[in-house]
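Asker: Sequence lines, in order, name chains A and B.
Per the working numbering, the first sequence starts with residue 20, numbered consecutively.
Per the working numbering, the second sequence starts with residue 588, numbered consecutively.
Just so you know, these hints were derived from the structure itself, not from any lab.
It is possible that part of the hints are untrue.
List time: in silico DSS-like cross-link candidates among lysine-lysine, alpha-carbon distance up to 30 angstroms [to be verified]: (1) Lys55/A / Lys768/B; (2) Lys55/A / Lys857/B; (3) Lys1161/B / Lys55/A; (4) Lys94/A / Lys1122/B; (5) Lys1161/B / Lys22/A; (6) Lys944/B / Lys55/A; (7) Lys768/B / Lys786/B; (8) Lys1054/B / Lys1086/B; (9) Lys1122/B / Lys95/A.
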Amino acid sequence: MNKSASVVIVGGGIVGTAIAYYLTQKGMKDVVVLEKSYISSGATGRCAGGIRQQWSESSNVRLAMRSVRHFENFKKDLGADIEYIQGGYLLLAFDDEEEALFGKNVAMQRGEGLDVSILRKHEIQYRFPYILLDDVKLASFCPTDGHANPHLANFAYARAARENGARIYTRTRALGIDVTNGRIAGVETDRGHIQTGVVVNASGGFSHEVGHMAGVDIPTESFRHQIMVTEPVEHILDPMIISFSRNFYIRQTFSGNIMMGQGDEDDKPSFNHDPSWRFLTEMARKMPQLFPFLKNIRVLRHWAGLYNMSPDAQPIIDKAEKVSDYYCAVGFSGHGFMLAPAVGEGLADWIIHGEPQEVDLSNLGLDRFTGEVVRERNVV
Amino acid sequence: MSCLSNPDLLVVGAGPAGLYAAIEAASAGLTTVIVDEGISAGGQLVKQTHKFFGNEDFFASVRGFDIARRLLKELSNMDHVHNLQESSVIGVYEDGIPVLHLPSDTTRLLQPERVIVATGASEKFLQFDNNDLPGVYGAGAVQTLMNQFGVMPGRNVLMVGSGNIGLIVSYQLIQAGVNVKAIVEIADRIGGYEVHANKAMRMGIPIMLRHTVIKAIGTESVEGAVICEVDENFRPVASTSQELAVDTICIAIGLNPSIELIAQAGGEVKYIPELGGYVPVRDDNMRSTAEAFFVAGDVSGIEEATTAMIEGRVAGLTVVKDLKGNTDLKKLESLKRELVAFRNGPTSARIREGLRKLGIVSSSKEHQYGNPNNPEKYMGKMRPVIECYEAIPCNPCETSCPTGAITVGENINDVPVIDYEKCNGCGICMTECPGLAVFMLRELPEEESALIGIPYELIPLPEKGEKVHLLGREGETLSDGVVQRVFKSPNKTHGVYVKAPAEIAGEVRGVSPVSKTDNTYVCRCEELTVQDVEKAINDGYTDFEELRRRLRISMGPCGGRTCRLNTLGMLSRKTGRPIEEFAPGVLRPPSIPATFRSIAGQEGAKDE
Ligand SMILES: Cc1cc2nc3c(=O)[nH]c(=O)nc-3n(C[C@H](O)[C@H](O)[C@H](O)COP(=O)(O)OP(=O)(O)OC[C@H]3O[C@@H](n4cnc5c(N)ncnc54)[C@H](O)[C@@H]3O)c2cc1C
Ligand SMILES: Cc1cc2nc3c(=O)[nH]c(=O)nc-3n(C[C@H](O)[C@H](O)[C@H](O)COP(=O)(O)OP(=O)(O)OC[C@H]3O[C@@H](n4cnc5c(N)ncnc54)[C@H](O)[C@@H]3O)c2cc1C
Ligand code: SF4
Ligand code: SF4
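Chain A extracted, bound-state conformation (with noise of 0.2 angstroms):
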């Protein structure tokens, strides 16, 4: 293992080894991740690879979109094929409320320059007819999002990374974090220790605890999601289709595997992976309900991951005050995937320009709880 580097990342995920492949394409040298288990172990080999930019935050749907220009050329780039699919997103509302807040978002987000619209109940029936729509009022629909294979996509930037010369260390778990006289020294892991100045912090659900380790506060809690996949089936399902008042979503994976889940409303912050049987029947109850096709297709696997939440339910994208050279890229709050690449290129440009140049971050820094929180709505 080596010995000193230039900048450890912590975490494996899609977001510390997007954030290596950046480093390393613009030429930094040395770069090491610790990954405490396997490449896509954390939320990111458990998650929906839903790519969306329908937010109701704006600086989420910038951040978004600018994620979906890098999915657009991911291949040409790293020369991997992620099973990335642009069928839309469609977000369905259900009452007054919802309807009258995706005619604000829906504006506001045009404002910020997206293709998205919103369809009325005959468009929503002509375009999807599989979906019961009874209790539905409207829809956004929005044609660029989409979803890829989230393990494809991981792999794809630890592999680019390697090649570009960063050291990608599995089964390494980061213990500690030296820092003497508010700066970093090294890191200590289980393997041995690494003399750095910069570390960042990707550790997905555990970004707590890294935060932690510098003698960092960071604000977030880790929940369990769960999320669950039925043996493959004909092509059907376009676009991926998204409720926050029935708190739901479902897309249709590559392969055929129609994927889907819900936010457990009562779960409390944990690190609890074991999926538990009252999801699956609260989703067998109610997933038919709106798509009818469902009731006799089989359910093949079920599992359950963690949701980085932040107070707001926005990332932190930040360098810490107290501690130099301590940045974060954590609290995705169940978005995470679809940021990474233009986390990835902001946080790279940060660390090598000192600012995130050409990506906008600046509304995501640790200091932005402490007055008003303005929570982003759009999840489920």
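Once you have looked at the hints, place chain B with the ligands on chain A.
Answerer: Below, chain B with the ligands alone, put in the same frame as chain A:
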């Protein structure tokens, strides 16, 4: 009924192990639910139309399905027992254990105090060309079709494997009027008991040793099979291949314990090849490392019906102790002694070794098969291991040894005895033995490995530094290794020395050059071939978890039952790391696919 959804005990699997566990628990007054997937309880027993071998007290020489019938009768006379047939436990969740009733496609959630997992085993899968064609069956499927449904799998069958299952199923096929064209056996001797083999041979079935199947022929379904001889290192010799006109290829190459549920319950599992693969870690009361979960029967290690029954009783009595505070300890202890006694014969040596790895003592009559070649005292010294136990008329080992360390003695039929004090480790005996029964061994404890000398007679002779497959006694690849030294002998039996991980040092008995494999399926669900897997491994996906996710291997409907071990085997070979070092991957629920309808419409559900 509340006692149904909150029973004292849930027994999963109504084979011999599960039935006996339930009998012990219910007769002590515990409310017991027993769940089985089959249309009739009995597990493997109901498929067996032959007389059983084993211990008289446990129905030896009674036919399998009769045993099942008697046990079921005993159970049906008991209170507190609910027998759920055609039902499958589809997972173990933090909030309960769902049971899927297959005919009605409904589920119900059970919250038992204790669970005994007696799920038996599933069949191992063989890799050969076109092994995804309809007409390629496991022996268990063939048995189920024939003996339970009265349906013939085909008219002309090729049986692959001459273990007891292959032999018995062949005999049963003949009994049912099916033509068994041949039994091919890759090893150079019959795997099962001689009596079973003789029975099959008496029916005119040729048993072709040192043969394997390399290809299924056909477009829509099997129309033939290509078989061929294998060489000393179990590699197919292409020039010997021949076609057999068969419509069915039946695979009987062994069983894998069905550990999904115990793994989902958080029970630790460990790779122990002697017990059939990954098995639950458990104590001698059959308790797994997940406190409330027990195992019994083939799921805890592939063995026999007799031991399955005793284990079931041990588990049942221990559950009684857990829940009632006391149990018939005398009976419990005597059952445990019976298990030990049953396993002390020579054919249980592998089981004993497997149990030892689990930390479970099971004495053997040491004077019979304790290996005199392996006294602790000479650990680390280069010395021969002589695997020559059959008392054959032969003594070149004795006469060739320059130091007089080996004695066969007056009677040339005696087995060789070695005096390690005199031995200087030259290895001449290895190259002189005509039976290729002498191997050299030197443990390297600092490296947790061992140097092993293998007698080798093929051309080309591997070279120093060359990478080779390390083969076990049945030609199965255990791992990869590098040739450390080649000892050329004028008599053409050369010595090839390789380094192997310490755990498998006692198993490595051959080497073969690393060569390419062809278009052969590893994972039928995702249609992945050996090449796909090898390519991914070469691309650097050497962590089993990453490999799985890269290829989606073992993520299909079978949940990895067919491909997990084969993939791990390839990974182990390619990386030179023993299988034990890899985690088997998460065994996610549900264990079998279940429809939305069945999950949503579970009994006791409030809405709908
Ligand atoms: C069920 C589910 C569905 C989701 N669906 C979507 C979706 O559709 N679209 C979307 O954009 N997002 C989705 N998300 C969110 C998304 O998965 C995450 O935001 C994203 O994967 C975060 O990536 P990451 O690299 O920060 O974290 P992770 O992938 O969790 O990676 C962090 C890594 O750090 C490692 N680590 C932690 N501590 C240490 C240590 N001390 N030393 C070394 N390594 C350490 C962990 O092992 C882990 O591999 C979903 C999440 C879940 C759980
Ligand atoms: C051809 C053949 C010949 C044999 N001959 C002999 C012999 O002569 N003498 C001898 O002693 N032994 C013999 N055996 C071995 C013996 O049959 C087994 O060792 C024994 O049956 C193991 O018992 P068990 O209860 O552990 O498992 P099984 O008998 O395999 O029973 C397991 C049961 O669990 C059920 N099950 C599994 N998973 C689930 C789930 N999730 N939910 C619900 N149910 C589930 C299965 O359907 C099955 O009914 C033979 C085996 C075979 C195949
Ligand atoms: S190794 Fe040499 S000394 Fe030892 S037994 Fe064989 S021949 Fe004799
Ligand atoms: S194997 Fe060796 S010891 Fe055994 S009989 Fe042959 S020559 Fe003698």
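Asker: Given the hint that Lys944/B pairs with Lys55/A, does the C-alpha gap stay at or below 30 angstroms?
Answerer: Given pair Lys944/B, Lys55/A holds - Cα atoms ~28 angstroms apart, limit 30 angstroms.
Asker: Can the restraint linking Lys55/A and Lys768/B be considered satisfied, given a maximum Cα separation of 30 angstroms?
Answerer: Given that 30 angstroms is the threshold and the Cα spacing comes to 54 angstroms, the pair is violated.
Asker: Straight-line Cα separation of Lys1054/B and Lys1086/B no greater than 30 angstroms?
Answerer: Roughly 11 angstroms separates the two Cα atoms, so the pair holds.
Asker: Does Lys94/A pair with Lys1122/B here, judged by a C-alpha cut-off of 30 angstroms?
Answerer: holds, 20 angstroms
Asker: Is Lys55/A within 30 angstroms of Lys857/B, Cα to Cα?
Answerer: holds, 22 angstroms
Asker: If you draw a straight line from the CA of Lys1161/B to the CA of Lys55/A, is it 30 angstroms or shorter?
Answerer: Within the cut-off at roughly 23 angstroms; holds.
Asker: For a C-alpha distance cap of 30 angstroms, please report whether Lys1122/B and Lys95/A respect it.
Answerer: holds, 22 angstroms
Asker: Verify the proposed pairing of Lys768/B with Lys786/B, using a straight-line Cα cut of 30 angstroms.
Answerer: holds, 15 angstroms
Asker: Can the restraint linking Lys1161/B and Lys22/A be considered satisfied, given a maximum Cα separation of 30 angstroms?
Answerer: holds, 29 angstroms
Checked against the numbered hints given earlier, the structure breaks only hint 1 and satisfies all the rest.
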